[in-house]
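There are 2 protein chains.
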Amino acid sequence: MKLTTKHALAVLSAVSLVALTATSAVAKDNRTIGVSIPAATHGWTGGVVYHAEQAAQEIEAAFPHINVVVKTSPSATAQVSALEDLSVGQDLDALVILPFTSEELTGPVERVKESGTFITVVDRGLTDPAIQDLYVAGDNIAVGANTAQWLAEKLDNEGQIVVLRGIPTVIDDERIQGFTDVMEDTNIEILDIQYANWNQDQAFTLMQDYLAKYPQIDAVWANDDDMLLGVLEAIKQSGRTEIQYALGGNGMKDVIELVMANDAMTPISTPYPPSMIKTAIYMTAAQFAGQAPMRGNFKLDAPLITPENADQFYFPDSPF
Amino acid sequence: MKLTTKHALAVLSAVSLVALTATSAVAKDNRTIGVSIPAATHGWTGGVVYHAEQAAQEIEAAFPHINVVVKTSPSATAQVSALEDLSVGQDLDALVILPFTSEELTGPVERVKESGTFITVVDRGLTDPAIQDLYVAGDNIAVGANTAQWLAEKLDNEGQIVVLRGIPTVIDDERIQGFTDVMEDTNIEILDIQYANWNQDQAFTLMQDYLAKYPQIDAVWANDDDMLLGVLEAIKQSGRTEIQYALGGNGMKDVIELVMANDAMTPISTPYPPSMIKTAIYMTAAQFAGQAPMRGNFKLDAPLITPENADQFYFPDSPF
Numbered sequence: 001m002k003l004t005t006k007h008a009l010a011v012l013s014a015v016s017l018v019a020l021t022a023t024s025a026v027a028k029d030n031r032t033i034g035v036s037i038p039a040a041t042h043g044w045t046g047g048v049v050y051h052a053e054q055a056a057q058e059i060e061a062a063f064p065h066i067n068v069v070v071k072t073s074p075s076a077t078a079q080v081s082a083l084e085d086l087s088v089g090q091d092l093d094a095l096v097i098l099p100f101t102s103e104e105l106t107g108p109v110e111r112v113k114e115s116g117t118f119i120t121v122v123d124r125g126l127t128d129p130a131i132q133d134l135y136v137a138g139d140n141i142a143v144g145a146n147t148a149q150w151l152a153e154k155l156d157n158e159g160q161i162v163v164l165r166g167i168p169t170v171i172d173d174e175r176i177q178g179f180t181d182v183m184e185d186t187n188i189e190i191l192d193i194q195y196a197n198w199n200q201d202q203a204f205t206l207m208q209d210y211l212a213k214y215p216q217i218d219a220v221w222a223n224d225d226d227m228l229l230g231v232l233e234a235i236k237q238s239g240r241t242e243i244q245y246a247l248g249g250n251g252m253k254d255v256i257e258l259v260m261a262n263d264a265m266t267p268i269s270t271p272y273p274p275s276m277i278k279t280a281i282y283m284t285a286a287q288f289a290g291q292a293p294m295r296g297n298f299k300l301d302a303p304l305i306t307p308e309n310a311d312q313f314y315f316p317d318s319p320f
Numbered sequence: 001m002k003l004t005t006k007h008a009l010a011v012l013s014a015v016s017l018v019a020l021t022a023t024s025a026v027a028k029d030n031r032t033i034g035v036s037i038p039a040a041t042h043g044w045t046g047g048v049v050y051h052a053e054q055a056a057q058e059i060e061a062a063f064p065h066i067n068v069v070v071k072t073s074p075s076a077t078a079q080v081s082a083l084e085d086l087s088v089g090q091d092l093d094a095l096v097i098l099p100f101t102s103e104e105l106t107g108p109v110e111r112v113k114e115s116g117t118f119i120t121v122v123d124r125g126l127t128d129p130a131i132q133d134l135y136v137a138g139d140n141i142a143v144g145a146n147t148a149q150w151l152a153e154k155l156d157n158e159g160q161i162v163v164l165r166g167i168p169t170v171i172d173d174e175r176i177q178g179f180t181d182v183m184e185d186t187n188i189e190i191l192d193i194q195y196a197n198w199n200q201d202q203a204f205t206l207m208q209d210y211l212a213k214y215p216q217i218d219a220v221w222a223n224d225d226d227m228l229l230g231v232l233e234a235i236k237q238s239g240r241t242e243i244q245y246a247l248g249g250n251g252m253k254d255v256i257e258l259v260m261a262n263d264a265m266t267p268i269s270t271p272y273p274p275s276m277i278k279t280a281i282y283m284t285a286a287q288f289a290g291q292a293p294m295r296g297n298f299k300l301d302a303p304l305i306t307p308e309n310a311d312q313f314y315f316p317d318s319p320f
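Sequence order for the protein chains is A and B. Counting from 1, position 291 in the first sequence corresponds to residue 291 in the working numbering; the numbering is continuous, with no gaps. Counting from 1, position 233 in the second sequence corresponds to residue 233 in the working numbering; the numbering is continuous, with no gaps.
These aren't lab readings, by the way, just hints derived from the structure by calculation. Each hint should be verified, as a subset may be incorrect.
Where chains are identical, the list cannot tell them apart; a pair therefore holds if satisfied intra-copy or between any two copies.
Below, in silico cross-link-like pairs of lysine to any residue (SDA-like), each with a Cα-Cα straight-line distance of 25 Å or less [claimed, not checked]:
#1 Lys-154 / Ser-102
#2 Lys-71 / Asn-187
#3 Lys-154 / Asp-93
#4 Lys-113 / Tyr-314
#5 Lys-253 / Gln-291
#6 Lys-113 / Lys-299
#7 Lys-113 / Glu-153
#8 Lys-299 / Ala-130
#9 Lys-213 / Gly-239
#10 Lys-154 / Ile-131
#11 Lys-113 / Pro-307
#12 Lys-113 / Leu-304
#13 Lys-299 / Thr-106
#14 Lys-299 / Ala-212
#15 Lys-236 / Gln-90
#16 Lys-299 / Glu-110
#17 Lys-113 / Gly-159
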C-alpha cells in the first residue's frame, strides 16, 4: 500500500513535470504589434495594405504569442486618431508605422514611445529620427542610378531620352539625382524632364507632348511604374517605332509581368516595393520571437528586377 | 438517382476543394538556410554559436518548410571547407556567413552565390561587397561615441581617464575614433591609451600599469567587456577609491548582470551583440517565409544598455 502510494505520487509528479515543462515551453509573454499605415488611396499604398495584412496572418500563424493589429487611415489626421485607438485600447509592445506626413505624426509617435513601445518607422522618416528604434526604407538614389546604369549600357552611352518626374518631394529628387548623376558620365542627352505627379493620366498627356516635340526619342524613364503605364499607352497610340526602352521603377505587379514576359521595351524594373512593410513587421516580430537585436537602420537595395529573378518580386494576389 | 449523384459529386468536389486549399496553404517549397560561423574560440564567438543554434531551432519551429543547418569552423581554412560541405551536400537557398577573414572567404562565398544562393554576410564584410545580398553589422563608432557621451555627461566634462585598446583592427579603430571624437569636445584628458588585445589577462596587467603610473584616475574605458573584467579585478586588488566609472562595450552577460544590479562603477554597457547572427538568420528566413524584401544593408545601433532596458539584452542561458 505504501509502495503503491509512492508509485502513484511518482507518476503524478512525472505528469506534473511534463505539464509544467509543456507550459513553460509555450509560456512566452503575449506581445502586441500595432501597424499603422495609409489606406489604399493609390496603387502603392494598396500594396502596403495587402502586404501588412499578409504579414499579420503569417506572423500570427508562426508565433502564436504575437498578435498583429493593422489599422489603415485615409489621412494624417485620421492616422493620429488611429495611434490613439491602438495605444489606448491595449498594451502596445511595438508600433510599425508608415507615416502619412513627417510633421503631423512625429509628436503622436513620440507619445506612443513614452510608454515603452518599440517604434519601427517605414519609408517616410519622422522629423526627429531619435524617436525610432528601427528604420526601414528603400533607396531612391539606387532606383535612379541602377536604372540609369542598365540603360546607359544598353544604349552604348549614346542617344536622346526623356524623363518624367513625380511629385516634388525628397523621394522624387533622390530618384532623379541618382539617374542624372549616372547619365552625366555618358553622351546620352536628356531632351526634357517634366513633372507628371506619379499619375498615370498625367504621364500619358506628358508623354504625348514629348512625342509631339521630339522626332527622335531613344528611351523614356518614367521614374515610377504607375507613370510608366501612361507612357506605354501614349507610345502605343503614337505608332512611333524608334523608342527602344521605356522604364519605370517600383516593382508594380503589371510591370513585373512585362519583365517576366521578357518584354522588349520594358525588360527590367527596380523595386521600391510596398512589401517593405512586411520586412518591417517581420523584423519587429523577430525581436519578440527570439530577442534578436533589431534596433538600427535597414536600407533596402534596389536590385535590378530581370526575367531571371522577377518571380522573387512577384505577388500574384497583391493589388500592386 | 440523378439528383443523388449530382449531390454526391457536389459533396465530393467540396471535399476536394477543402483538401486542395489545405494543401496549397502548407505546400510551400522547402528551403534550406546554411549558417557558417567561427567555432567558440572566445567569449564573443561562443555567443555567436549559441545564438545561431537557438535561431535555427526557433525558425524551424515557426516555419516548418525552412531548414536551418549550422556549421562551426575553427579556422578560415576550415570555414572554406565547411562552405563546400554545405553547398555540395544540398541545395542551399541561402547562406548566412560570419567570415573568419575577409580575404580568404570572399572567393569561396562568391562561388556559393553563383548557384543562385542568397548571401547574408554578418559583422566582417567580404572584400567585394557586391557579393552579398544582405549585410548585417554592428556600429563600432556608436559603441565608442555613445559610451563617451554618457561618461562625459556624468563627469561634467572634466577629469582624467585611461583607455584600453583591443587588437589593431578596423573594429578597434572605429570604437576608439567614436570615443575620442566625443572626448575632444570636453575638458576630459585621456592620460593613456594602450593595446591589451581584447584579452582579460592583458587588460588586468595594463590596468595595473595605469594604476601605478597615474595617482588620479576618474574613469576607465576598456572598449570591450572581456577587457573590462580584467580592469575591474585590477581596480579591486589596488584598493583605489577615486575611480568613479569603469566601462566596457559589447553587452557581455556578466556585464549586463552588473548593469541589471545597478552597479555603481559599471551602470551601463553598449551592445555589439553576438546575437546579431540571430538578426541575420531571422531576416534571411523572413524572405522565404513571406517573400519579404531583405536585400540591403542593416546597421545595428549601439543603444545604451541601462538598468531599465537590460533585460532586453540579457540571455540567461547564453555563454556570453
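Evaluated hints:
no.: 1; hint: Lys-154 / Ser-102; result: neither (39 Å within a copy, 34 Å between copies)
no.: 2; hint: Lys-71 / Asn-187; result: neither (49 Å within a copy, 50 Å between copies)
no.: 3; hint: Lys-154 / Asp-93; result: neither (49 Å within a copy, 31 Å between copies)
no.: 4; hint: Lys-113 / Tyr-314; result: between (35 Å within a copy, 22 Å between copies)
no.: 5; hint: Lys-253 / Gln-291; result: between (34 Å within a copy, 14 Å between copies)
no.: 6; hint: Lys-113 / Lys-299; result: both (22 Å within a copy, 21 Å between copies)
no.: 7; hint: Lys-113 / Glu-153; result: between (48 Å within a copy, 24 Å between copies)
no.: 8; hint: Lys-299 / Ala-130; result: both (17 Å within a copy, 15 Å between copies)
no.: 9; hint: Lys-213 / Gly-239; result: within (15 Å within a copy, 86 Å between copies)
no.: 10; hint: Lys-154 / Ile-131; result: between (44 Å within a copy, 23 Å between copies)
no.: 11; hint: Lys-113 / Pro-307; result: between (43 Å within a copy, 18 Å between copies)
no.: 12; hint: Lys-113 / Leu-304; result: between (37 Å within a copy, 17 Å between copies)
no.: 13; hint: Lys-299 / Thr-106; result: both (21 Å within a copy, 23 Å between copies)
no.: 14; hint: Lys-299 / Ala-212; result: neither (40 Å within a copy, 48 Å between copies)
no.: 15; hint: Lys-236 / Gln-90; result: neither (53 Å within a copy, 48 Å between copies)
no.: 16; hint: Lys-299 / Glu-110; result: both (22 Å within a copy, 22 Å between copies)
no.: 17; hint: Lys-113 / Gly-159; result: neither (52 Å within a copy, 35 Å between copies)
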